[in-house]
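Which chain is which? The protein sequence lines are G and D, in order. Heads up: the first sequence at position 558 corresponds to 696 in this note's numbering, and the numbers run straight through without jumps. Heads up: the second sequence at position 382 corresponds to 480 in this note's numbering, and the numbers run straight through without jumps.
Worth flagging that the hints you see were computed from the coordinates, not collected in a lab. Model, not experiment: these values are computed from the prediction. Just so you know, not all the hints are guaranteed correct.
[As the list claims (entries may be wrong)] On the chain D side, residues computed to face chain G include the following (Cβ under 8 Å): (1) Thr138; (2) Arg283; (3) Thr327; (4) Lys328; (5) His331; (6) Ser441; (7) Pro447; (8) Gly451; (9) Thr453; (10) Leu472; (11) Trp488; (12) Glu519; (13) Val521.
Backbone N, C-alpha and C define an ideal beta-carbon position, used for all residues, glycine too.
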Amino acid sequence: MSESINPTVEPLHVIVDGQEFEVAPGEMLIKAAQDNGTYIPRFCWHERMKPVGMCRMCLVEVDSPRGPMLVPSCTTPVAEAMVVDTASPTVKKAQEAVLEFLLANHPLDCPVCDKGGECPLQDQALSHGPGDSRFVEIKRHYEKPIPISDLVLLDRERCILCARCTRFSEEISGDPLIEFQDRGNGTEVNTFPDLPFSSYFSGNTVQICPVGALTAKPYRFRARPWDLTMVESSGMFDTVHPRISIHASQNQILRIVGVDNDATNHGWLSDKDRFGFEYLRSEQRLTLPLVRRGGELVETTWSEALDMVANRVDLISDEDGGSAFAVIGGAHGTNEDAYALSKFARVSLRTNNIDCRVDDAMAPHFLAATVDRALISDLDTADTIVVWGPDLKEENPTLYLRVRRAAQELGADLVVIHPRGTGLDDRATRKLNYRPGGGFALLDDIASGKHPDVTALLVADRVVVIVGRASAADDPRLAESVAAYVRSKAGSVRILPLARRANTFGALDMGLAPDLLPGRVHLGAIGCANLAASWGDIPTTPGKSTAEILEALEQGEVRCLFLVGADPVNDSTRGPGWVEALEAAEYVVAIDLFVNDSNRVADVIFPALGFAEKEGTVTNLEGRVQKANALLPGPGQSRVDWSILSDIATRMGRPIGLESAEIIAKEIAEVSPAYEGVTWDLLEWEKHDGVVVPISGAQPINHIPVALAGAPPPKSKLALHVARTLYDDGVLMRHSPSLRKLAPGPVVHLNPADALRIGAEAASAMSVATKDGEGVFFAVIDDDTPKGVIYVPFNQPGAVPLGSDPAVRVNPVAK
Amino acid sequence: MSAPLIVTRRMMERPSDSHTIDAYEETGGYVQARRALGMTRDELVETVKSSGLLGRGGAAFSAGLKWSFLAPARPSYLVVNGDESEPGTFKDRQLLERDPHQMLEGIIITAVANEVHHAFVYIRGEYPKPARRVQAAVSDAYSKGYLGKGIFGTDFDLEVVVHLGGGAYICGEETALINSLEGKRGEPRIKPPYFPAAKGLYMMPTIVNNVETVSNLAHILEMGSDEYTKLAHQTDTGTFMFSVSGHVKKPGNYELPHGITWRELIYDVAGGMRDDNELKAWIPGGASAPWFVPEHHLDLEITKDATAAAGSMLGSGAVIVMDHTTCTVRAAERLVRFFAHESCGQCTPCREGTTWLEMILQRIEDGQGRDVDLPLLLDVSDGISVGLGWPPRMTTICPLGPSAVSPIIALRNYFQDEVMEHVRGGACPLPPVAQQQVIAGSRQGGGAE
C-alpha cells in the first residue's frame, strides 16, 4: 500500500488539479493524490482495507474522450496522462450533495458524542459540506445505543453505513460477526441473533468508525478529545509491540489507539492492547514498600526496606556467595530495567542464576539469536507460512492479523499445526492436529514423508516458520527442531520464535538468561571488552534456568530469590510446585505492581512503576527496538525498577552505577554490539517504527533428537491439551475488570463424540484430574477439539491448575 | 406489423403444451443445439455478432460483442438473468413459463460458444410457476442427455442450475445478481474492476444474458444471421417484446417488429385507452425510463435511437400507459417509493436520496408541499444524477438511484403546473385512486399449469 515506487516499473504521470506527478501503476487515485498533497474527502475508504466506493464522498472528475466523468477516486486506478479535477463545480456539487445526504439522517448530538472534535463527518461537513440542511422530514430512529459486545456499543442513528467496521471484521480480523442488515434506507449494521460481536479485535472498529456510531465502554463519556494528553508508545501485551498512542486526562489513561505503521501492526490492536490499562489505576496497586513483620506484610519507608534487603543480601552473600541467589522475571518491563536487573544480578549478587523465561523454556539462544530470524514484514512476501505453536489468535493477536492477511489477501500458503482448532484454520492450506505431547512424533512423520502435502508446501522459495510452544505437554525443544527441519527443506527460510511475556526478547537481549550477557553475547565467550570494562569481574559459569531454580529452592541450594514482575505460581504450568518452593525459600524479595500469588510470601516487596509510567526501550520478537513512553506518574511512592535495584546495590557496597534510564540506554549501546547506535534520540526523532537490531554471531539451530519421554497417552485414553488464552487470570488481567470477565473461566473443551461417551453436556460440571491437580470444570462441546483430546485453557479465574502432563481423567460430577 | 413471431411463435401455435420437451422437439427443438456442438467457438460468436442480436435486458448491447469480451481465464460461467423485476415488465415470465426449452437450447449454444460448462438460471423469487416450469424442463433435458455429462453424446459437459432470487429488484443488475448467486448480499459490484466478463461469478469470467436474448439464439442459428438481420429496422434488430400495461384496453405481451410508432402501439396493438379516456403520459421502457407525453412523442417511431434522442429508453420493453385520471405526483411518488424500497443501501446518494425524494413527493401529494419543494426535488435529484440528463451522470454505484429520478424529470418537463396545483391548493386536485381491477394482462395466453 505505501510501498515506495518500484524502480523497475515505469511510473505513470497524472495531473491532479493542474499539478503533475509520478505514481506507481495500480495505485488508486485517492491515495496518489493524498501522497502528493491533495486531500480528497472520504468516509468508507481506509488505507488498510480494500476500497468499496460506497460513501461516494471521494467523487472527482476525470477527463475522458466523452468529456469529464465523475468517478470515485478510491476505486479508480491511476492511468497514464490522467487529468483529474478534485474541485470542479460538478465535483463540489456532488460532494455537497453526499454530505447533505449523510447528514439528513444523522443526529445533531455532537455535543454529547464521543467522536465530537475528532470526527471525520464533522470535519468534512465543515470543509466540504453545504453548510446547511434542507431536510425537514423526520429522521430515522433506532434504539440508542445497543451493546454489540461486552466492550462496544452501537448507535445506529449516528451510523453512516460506510462498512468500515463490517469490512474490518471480515477482511482483517476474520470474525465477521457484524454485517449490514435489511436494505435501502432501512440498512443497519448489527450482529446476528444471539451472536455477540465477541471479537478479540472489536476495539479497532471503534477507532476506524468515521462517526460516533461505535463507542467503547471504557472511554464513553469520559473525555473530550481536545482535553487529552497523548504520547506514542509500544503496546506491552504481546511480543509484537504494536505501535500505540496513549491518551490520558488527569493522570489516568482513558484510551489507547493504534498508530498506523508498516512494520508491526498496521494500526490494528487486540482488545487486550487497547483496553488492558485498567489495572494501572487499581486500588490494589502497591504504593509503599511492604516488609514482613510478625508474619504480616506491612507498609514501611523506602529507606527501611532498602536497608533491610541490603543487609540481608550482604549477609547471605558473605556466607554462601553468588550461588545462593536467583532472579526470576524482568520480561514485562523495559530494556533499561532488564539491563539494570542483569547487571545487578551479575555485579551485585554475583550470580548467573537469572532467567526471564517463566514458562516458555525454549533455549535462550534460539529465542534471542536464531539464524535467519524473520521480520514481521517477511510474512507479506512469503510463499508458505508454517505456524507450529500456540493459537496465534490467543497468544499473539497482532501477529495473527498479519499472518491472516498474508494467507487471505496476499496469497501465501498457510500450514497450521496445533493440537486443536485455531483462529487461522479457516485460511490454512493445510491443517494438522496432533495429540498433546506427540509433537516430536508428528515431526518425525512429516520428515519421513508421511504428510506429502505438507512437505510439498515447504518446498517453496520464501518460507516463514513461526514456532512456539503449542501445548503445555509439548517438549520446549520441539520448536527449535521444527525450525531446523523446515530450514533443511526450503530455499529461503525465515524463523520467528514466539514467547509469551511481552518484552521477553528485550530481556534476553539484556542478558536475563543463565548463559547470556547483554547483546546476545554468550557467557562463556566472556562477552566483549566493553562489557568487562563496565561490569568488571563477573561469574563465568552458566547459572540456573527457571526450572532449575525451582529445584534449587526446594533443596535449599538457593537461599534468596528476587521476583521481578514475575508470578510463577500462576504463570507456570508448574505452579503447584512453585507454591512449595517459595514457601521453602529463606528470603524472597519482590519488585511488582501488585501482591500476587507468588510474592505474597515475600519478605520485602517494592512498589514498581508500570506501563506508561516509565520511559525506556523495548525489543519485539523480530528484534525491533522501539521507544515506550511515559505519560503518568505512578501511584504513591512507587519507583522504577532500575532505581530500586541501583539503590539496593549501592547500599550493599556493590554499586551498578546507573543514574537514569537514558544513561542506561547509552550504556546498553556501548556494551552490547547489537545495540550499537540505538539511542533514544534516534528512536524519538527519526525511527518512530524502531530499528531492528542485527544478529551477530547467530546461533545455529538444531534438530534435537529427544527420547519420546513425554509421549501422549495411548489412543484409547484422553489426552489433555493445556494452552493459553488471550484473557486469563494473569495478575494484570486480574486487576482489569472489563477484560477479566471475558476470560473463559474453568472450562473443559470436548469433542461431541467424547462428550457423548463420557456423559458430558454443554455447561455440565466435569471433574478433571491429572497427577498435578484435580478440579471442577464446565464442559464446552465443540468440533474444534479433536476426538480423544480435551482442552483446558490455562490459568483461568476459578480454575485449579492441572500441570502439563497430558494423562488425564474426566468424569461428570455426580449431581 | 406482419413481421414473423420469433420467440413467441411456439407458444402461440401450441398454447396447451409449448413448455414440454415433446412439443419442443416436435417443433424443431434442440436441432440447433446439436448443430452448435459441431461448430467452432469462433463460428458461433461470429454468427451471433453478425446477426446484430442486442441484449434484451435493457441495455441493448450487442450480444455477440459481449461474448467476444469474455476473458480467457477458465472456468467461465453463464448466468441467464431471469430476475425480471422492473415494474411493468413481464415478458421473460412468459418465455420462462411457456417456452423454457427455447431458453435451454440458447443456453447450450451460448455454452458451446464460450467454453462454459456451468450455467445458472437466476429467476425472480416471485416467479414460482416459471421457476417450476424451468426446473421441470431442466430435469427433462438432463434425463434425455441434453444436459449433464457429455451432452447429446458428445464430450461436452454442461450443468445447469436453477436459482430463485430472494425478492430484490437490484438483483436484476448483473453484478448484484452475481453477488446474490454467490450467497452474498445483493449489492452491485464496483465497475471497474468487477466487469462480469473478466471478474464475474466466483471472480471468474462470466456471461450474463437476459432470458429473451438467449431465447433468440436457436432461431438465429436456424434462420442464419443474414436472414435474421433482415428483420432489422435501422439499428434495431430482430423483434422486440413489449409488455404493455396500464390504462389500455388490451394490456399484455406483444412480440413486434421495430419501426411502428407509439400511437400504433397504444391505439392499435393495445386497443386504445380504457373507456376511451385521454392519454396523459406513458413510460416507454420500464419504471426507470423518463416518461413520454402525447404532445411530443405520440408519432415518434419506436426505435432505440429515436427514444434516446427524445431523452428516454426502450429498456426492457415495459410500456406503462396513464390516462387523464392519473395524478402524476401520485404516480411519481409510487415509482420513487418503489426505487427507495429496492435501493440496496450500499451507496449514500441512492440510500438517502431516494427516500428523501419519496418523502417530499408524499408531502406534496398530502397537500403539505411548499413553494421550495419543486426546486428541492430537482436539486436532490441532481445529487443522484448530475445535471438530470439522459443517459444519467450518476453519483451512485449503479443506475438504480438515477432511475428514481426519471419520474421527477417527467414532473419537471411536463407537469410542473400539476405539482404547483398540489402546493397552492393544499390538496391533490385529482380524484382519489379508483379501485383498480386486477389486470390479467401478464397472463395473456396463459393456461392451466
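Hints, verified against the model:
1. Using the Cβ-Cβ criterion of 8 Å, the hint placing D/Thr138 at the interface with chain G is not satisfied: the shortest such distance is roughly 35 Å.
2. At a threshold of 8 Å, the smallest CB-CB gap from D/Arg283 to chain G is about 6 Å, leaving the interface hint in force.
3. Violation of the interface hint for D/Thr327 is found here, the shortest Cβ-Cβ separation to chain G being roughly 28 Å, above the 8 Å cut-off.
4. At its closest, the beta carbon of D/Lys328 sits 33 Å from a beta carbon of chain G; the interface hint therefore is violated under the 8 Å criterion.
5. Given the 8 Å rule on beta carbons, the hint for D/His331 is violated: about 27 Å separates it from the nearest Cβ of chain G.
6. With a cut of 8 Å, the hint placing D/Ser441 at the interface with chain G holds, because the nearest CB-to-CB distance is about 4 Å.
7. Taken as an interface hint, D/Pro447 checks out: its beta carbon lies about 6 Å from the nearest beta carbon of chain G, inside 8 Å.
8. Given the 8 Å rule on beta carbons, the hint for D/Gly451 holds: about 6 Å separates it from the nearest Cβ of chain G.
9. A distance limit of 8 Å between C-beta atoms decides the matter here; for D/Thr453 the minimum to chain G is near 4 Å, and the interface restraint holds.
10. Interface restraint check: D/Leu472 against chain G, minimum CB-CB distance 13 Å, threshold 8 Å, status violated.
11. The beta carbon of D/Trp488 comes no nearer than 14 Å to any beta carbon in chain G, farther than 8 Å, and the hint placing it at the interface is violated.
12. For D/Glu519, the interface hint is violated, since its Cβ never comes within 8 Å of a Cβ in chain G; the closest pair sits about 21 Å apart.
13. At about 14 Å, the closest approach between the beta carbon of D/Val521 and any beta carbon in chain G exceeds 8 Å, and the interface hint on this residue is violated.
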